[in-house]
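Colleague: So the sequences go chain by chain: A and B. Residue numbers for the first sequence, in this note's numbering: 1 to 241. Residue numbers for the second sequence, in this note's numbering: 242 to 483.
For the record, the hints were derived by calculation from the structure and aren't laboratory data. Every value quoted in this text rests on a predicted model; they were computed, and no experiment measured them. Where is the CB? At the ideal position from N, CA and C, for every residue including glycine. Accuracy of the hints is not assured; some may be wrong.
[Said to hold, decoys possible] Label pairs and their calculated CB-CB ranges:
hint, chain 1, residue 1, chain 2, residue 2, range
1, A, 152, B, 425, 51 to 61 Å
2, B, 248, A, 131, 33 to 43 Å
3, A, 230, B, 309, 48 to 58 Å
4, A, 72, B, 448, 43 to 53 Å
[Claimed, not checked] Which stretches of chain B does chain A cover? Using the computed rule of at least three CB atoms under 8 Å from a CB of chain A, they are:
hint, stretch
5, 292-300
6, 338-344
7, 470-481
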Amino acid sequence: MPTLSLLAFLALWQGLAIYLNSNTLPTPVAVAKVFWQGCVSGQLPFHLGVTLLRLIVSFAIAMLLGCAIGIVLGRNKKLDAFFDNWLVIFLNVPALVTIILCYVWFGLVESAAILAVVINKLPNVIVTIREGTRALDQDLLDMARCYRFSKRKTLVHVIWPQLHPFVMGATRSGLALIWKIILVVELLGRSNGMGYQLHLFFQLFDVASILAYTVAFVAVIQLIELLILKPLDKKALRWRR
Amino acid sequence: MTDIQINISNKTYPTATKPSIEDLKLSLNSNEFTCLVGPSGCGKTTLLNIIAGLDNDYDGDILVGERHTHPKIGYIFQNPRLLPWRTVRENIELALDGNQSPEVIDELLEVMQLTAAQHVYPERLSLGMSRRVAIIRAFAVDPEVLLMDEPFVSLDAPTARQVRELLLKLWQQRPHTVLFVTHDLREAIALADRLIFLSASPMRVVSEVIVPIARNERGNELAIESFRQQLLKNHPEIKPLL
Chain A
1 MPTLSLLAFL ALWQGLAIYL NSNTLPTPVA VAKVFWQGCV SGQLPFHLGV
51 TLLRLIVSFA IAMLLGCAIG IVLGRNKKLD AFFDNWLVIF LNVPALVTII
101 LCYVWFGLVE SAAILAVVIN KLPNVIVTIR EGTRALDQDL LDMARCYRFS
151 KRKTLVHVIW PQLHPFVMGA TRSGLALIWK IILVVELLGR SNGMGYQLHL
201 FFQLFDVASI LAYTVAFVAV IQLIELLILK PLDKKALRWR R
Chain B
242 MTDIQINISN KTYPTATKPS IEDLKLSLNS NEFTCLVGPS GCGKTTLLNI
292 IAGLDNDYDG DILVGERHTH PKIGYIFQNP RLLPWRTVRE NIELALDGNQ
342 SPEVIDELLE VMQLTAAQHV YPERLSLGMS RRVAIIRAFA VDPEVLLMDE
392 PFVSLDAPTA RQVRELLLKL WQQRPHTVLF VTHDLREAIA LADRLIFLSA
442 SPMRVVSEVI VPIARNERGN ELAIESFRQQ LLKNHPEIKP LL
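Build the full structure now, drawing on both the sequences and the hints.
Modeller: Shown next as structure tokens:
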């Protein structure tokens, strides 16, 4: 059924493109040709790789910091009350503002680009993990205290499995959000990456290349879902009926 | 094993107007099976949580031998509280602190008839089996006191009887100090060496009774019922507590 649905989408796209016969909507075949040329020239893999690297680094930092802070805030009411307003502020600062400020304060450098992405994603991770931590089963935590589990044992065997759905939720929404922010970061202040290239294609009105790069990136994200996230889910939830 | 003294002068919940527990003195003798019998809501679970160190908001003292500390405990809760993402064996292993030999788990699984289910996840167990896992986990840590909070509640009568018999078998093989909470007098008589009757609001000791029935007679319903009748006749003060 998913294959049939995808084929129907492609057929609709092809039909519409032929009907409109315009440069602004190239056919899937034309996009596939541009995609292949980009791969052969090495341009597409290079820029895609650069963007992916930025995505991995900023995602890892945001998830690690976000999980740690989220757990602490979820377990400590005083700290949570203190930092709650900070979270609301950072959640509502527009991504574009953070990116511009990071470039203004730290210059058009790689670390500023990564920092801008992390600052945009971090509050979402913190909020999601904090909610998960608040929902932890107190009975199981009491059991762990009774049997004198160490802090590490409690975290690994009692807390983390309960947070798994929240971590996966933050991961999926994080990947979707981060790559969109990264494109803006690259568009505004980097000389390589998907965002930089898309800006270039926009100036050239090259819609086929824009779509080819988009398809490539969406395919990579789908592969991450299929090859990493789904198996992780399966492994973590193997105890369910 | 060591005797344990529990002195709680006051335990009042922050939102309550009067204490839940007041001037409560309990003495748990080494390797003795003690049952606390009291009405629902009288604070029995609160008392167990205090002994377990889960509730430290009280005035009083717990003495384990000469030590002013909480005893090392094995706690069998009303709900078995097994980690659903760990197998039966992993649930037991996680409770061990490294001083106990893992072979003890094999022996305990065998006594409780769970060897075949040791690699199964708790979701696939019946409630009776889950309770047996919780009992194994509590014994496996070789505690100074075993706390049991109505562990057979919500089991059907035959299952409750089977788990009770297995518990007694295990306890006779591996004697430990037990503090067992129940509001079922027949169950208490079937299990205990000593019965302690508690009042509610605030909780106080009303009466203490030694159960004279021999261990090999505990499965005899007639003997249990006969002692229960005698108890109610000789100790009218416990009637309102049941």
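Colleague: For each hint, tell me whether it holds in the structure or not.
Modeller: Hint check results:
Checking the proposed 51 to 61 Å range against residue 152 of chain A and residue 425 of chain B shows it is violated: the Cβ atoms sit about 40 Å from each other. Our hint of 33 to 43 Å for residue 248 of chain B and residue 131 of chain A holds, since their Cβ atoms are close to 42 Å apart. Remark: the range hint 48 to 58 Å for residue 230 of chain A to residue 309 of chain B is upheld by a beta-carbon distance near 54 Å. Restraint check, residue 72 of chain A to residue 448 of chain B: a C-beta distance of roughly 49 Å satisfies the suggested window 43 to 53 Å.
Closer than 8 Å: that is the beta-carbon criterion, and the stretch 292-300 of chain B has 3 residues meeting it against chain A, so the requirement of 3 holds. Chain A is given as covering the stretch 338-344 of chain B, and this is violated because 1 residues of the stretch bring a CB closer than 8 Å to a CB of that chain, at least three being needed. Only when three residues or more bring their CB closer than 8 Å to a CB of chain A does the claim for the stretch 470-481 of chain B stand; here the count is 0, and the claim is violated.
When each numbered hint is compared with the structure, violations occur for hints 1, 6 and 7.
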